[in-house]
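**Student:** Use these hints to put chain B onto chain A, whose structure you have.
There are 2 protein chains.
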Amino acid sequence: MLQFISMGIWVTGTRVSGSDSFLFWQTKGGNDYKMSNSLGRHVLAEMYGCSFDTLNDREKVETIMVNAALEAGAEVREVVFHKFSPQGVSGVVVISESHLAIHTWPELGYAAVDVFTCGDRVNPWDACNYLTDKFQAGHMTATEMKRGIFETQKEAVNL
Amino acid sequence: MLQFISMGIWVTGTRVSGSDSFLFWQTKGGNDYKMSNSLGRHVLAEMYGCSFDTLNDREKVETIMVNAALEAGAEVREVVFHKFSPQGVSGVVVISESHLAIHTWPELGYAAVDVFTCGDRVNPWDACNYLTDKFQAGHMTATEMKRGIFETQKEAVNL
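For the protein sequence lines, the chains are A and B, in the order given. Per the working numbering, residue 123 is the first one in the first sequence, and the count goes up by one each step. Per the working numbering, residue 123 is the first one in the second sequence, and the count goes up by one each step.
Chain A on its own, in the form it takes in the complex:
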């Protein structure tokens, strides 16, 4: 723990905007700092039963994805989307906090979404829920994976 603090990289090496840092942050309305041992959260979401027309429209998919990032409070850095023939859209919104990606199979009503955020200011589930709503998914399943896990030093006890 002390080793991390003395390195000074955890607080200053921020890539997220605002006052957040990777491992330390201030809880709302107080001066209470806590520590996490992962750098980010990666939500992989399967959205079924979505509309063909929405999933096959590059502009619509791009707008919804960018708005999902903004809705979650992320800072958008790069946006790239691609329309496949005869159907399907792939695209990514690179944010200061990592990324949102989507691949659609309109003919199956299915979209594979992943939302990766670092820091504590942006909640990937906010974006995920927004997307589920806007794609009008009939069924959604999702899994959150912790990314970049660093072991913290543990105090020796009873030695």
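Do not take every clue at face value.
[Said to hold, decoys possible] Pairwise CB distance ranges, derived in the manner of DEER restraints:
no., chain 1, residue 1, chain 2, residue 2, range
1, A, ASP175, B, SER160, 19 to 27 Å
2, B, GLY171, A, GLU197, 27 to 35 Å
3, B, GLN258, A, GLY171, 30 to 38 Å
4, A, THR185, B, THR263, 18 to 26 Å
[Stated by the list, open to error] Okay, derived cross-link-like pairs now, DSS-like style, lysine-lysine, Cα gap no bigger than 30 Å in a straight line:
no., chain 1, residue 1, chain 2, residue 2
5, A, LYS268, B, LYS268
6, A, LYS182, A, LYS205
7, A, LYS205, B, LYS268
8, A, LYS256, A, LYS205
9, A, LYS205, B, LYS182
10, B, LYS205, A, LYS182
11, B, LYS182, B, LYS256
12, A, LYS256, A, LYS268
13, A, LYS182, B, LYS256
14, A, LYS268, B, LYS182
15, B, LYS256, B, LYS205
16, B, LYS268, A, LYS256
17, B, LYS256, A, LYS268
18, B, LYS205, B, LYS182
19, B, LYS205, A, LYS205
20, A, LYS256, A, LYS182
21, B, LYS268, B, LYS256
22, B, LYS268, A, LYS182
Don't read these hints as lab results, they were simulated from the structure. C-beta: ideal position from N, C-alpha, C; glycine also.
**Tutor:** Below, chain B alone, put in the same frame as chain A:
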């Protein structure tokens, strides 16, 4: 099973190049077709102990990521990379088969990589292993997630 076949969308709705399809493919050197019930494979890889200089160089990271896609036999569609200040690179290579994404924390020697491929022609682990090698990761852990799982019809037994 028959329902899927009769829909005809599994074979014709290809977004991957070449002769692959989502659920049916031909095994090497034969006419043996098999079926999978997932559309894609998503490998999330944690690469630790990488070189600061490589992880902090947008051009190097981009080149390595694009080459990883090509090495795995993927078809590159879009490339977007972003350099953060004071350090860190984020970027994505959109491929016909889905995407490769990376976020680097040079100050920690850490890169969060994910490789998502659909179809059976491109193996995400080929790209992952290439990246582990080129980033000279001292330690790598990875998890593969199945994406887009569609239940197949099961035959009733003993009814």
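**Student:** Next, verify each hint and record whether it holds.
**Tutor:** Against the structure, the hints come out as follows:
The hint said 19 to 27 Å for the Cβ distance between A/ASP175 and B/SER160, and at roughly 25 Å that hint holds. At about 29 Å, the CB distance of B/GLY171 to A/GLU197 agrees with the hint of 27 to 35 Å. For B/GLN258 and A/GLY171, the Cβ-Cβ distance of about 44 Å falls outside the hinted range of 30 to 38 Å, so the restraint is violated. For the hinted restraint 18 to 26 Å between A/THR185 and B/THR263, the CB-CB distance of approximately 36 Å leaves it violated.
Taking the CA atoms of A/LYS268 and B/LYS268, the gap is near 17 Å; set against the 30 Å cutoff, the hint holds. A threshold of 30 Å between alpha carbons decides the hint, and for A/LYS182 with A/LYS205 the separation of about 11 Å falls inside it, so the pair holds. Our distance criterion of 30 Å between C-alpha atoms is met by A/LYS205 and B/LYS268, whose separation comes to about 23 Å. A C-alpha spacing of about 19 Å is found between A/LYS256 and A/LYS205, which places the hinted pair at or below 30 Å, so the restraint holds.
A C-alpha spacing of about 28 Å is found between A/LYS205 and B/LYS182, which places the hinted pair at or below 30 Å, so the restraint holds. This hinted pair checks out: B/LYS205 and A/LYS182 have alpha carbons roughly 28 Å apart, not beyond 30 Å. Our distance criterion of 30 Å between C-alpha atoms is met by B/LYS182 and B/LYS256, whose separation comes to about 10 Å. Note on A/LYS256 and A/LYS268: the hinted pairing holds, with a Cα-Cα distance of about 26 Å set against a maximum of 30 Å.
A C-alpha spacing of about 37 Å is found between A/LYS182 and B/LYS256, which places the hinted pair above 30 Å, so the restraint is violated. Straight-line distance between C-alpha atoms of A/LYS268 and B/LYS182 comes to about 26 Å, which keeps the hinted pair within the 30 Å bound. This hinted pair checks out: B/LYS256 and B/LYS205 have alpha carbons roughly 19 Å apart, not beyond 30 Å. With a CA separation close to 24 Å, the supplied pair B/LYS268 and A/LYS256 stays within the 30 Å bound.
For the proposed pair B/LYS256 and A/LYS268, the alpha carbon gap of about 24 Å is at most 30 Å, so the pair holds. Distance hint between B/LYS205 and B/LYS182 is fulfilled; the C-alpha atoms sit about 11 Å from each other, no more than 30 Å. Pair hint B/LYS205 plus A/LYS205 holds up; C-alpha atoms about 26 Å apart against a cutoff of 30 Å. Between A/LYS256 and A/LYS182, the direct Cα distance comes to roughly 10 Å. Compliance with the 30 Å bound is thereby established for this hinted pair.
The hinted pair formed by B/LYS268 and B/LYS256 meets the criterion: a straight-line CA distance of about 26 Å does not exceed 30 Å. Note on B/LYS268 and A/LYS182: the hinted pairing holds, with a Cα-Cα distance of about 26 Å set against a maximum of 30 Å.
Hint violations for this structure: numbers 3, 4, 13, all remaining hints satisfied.
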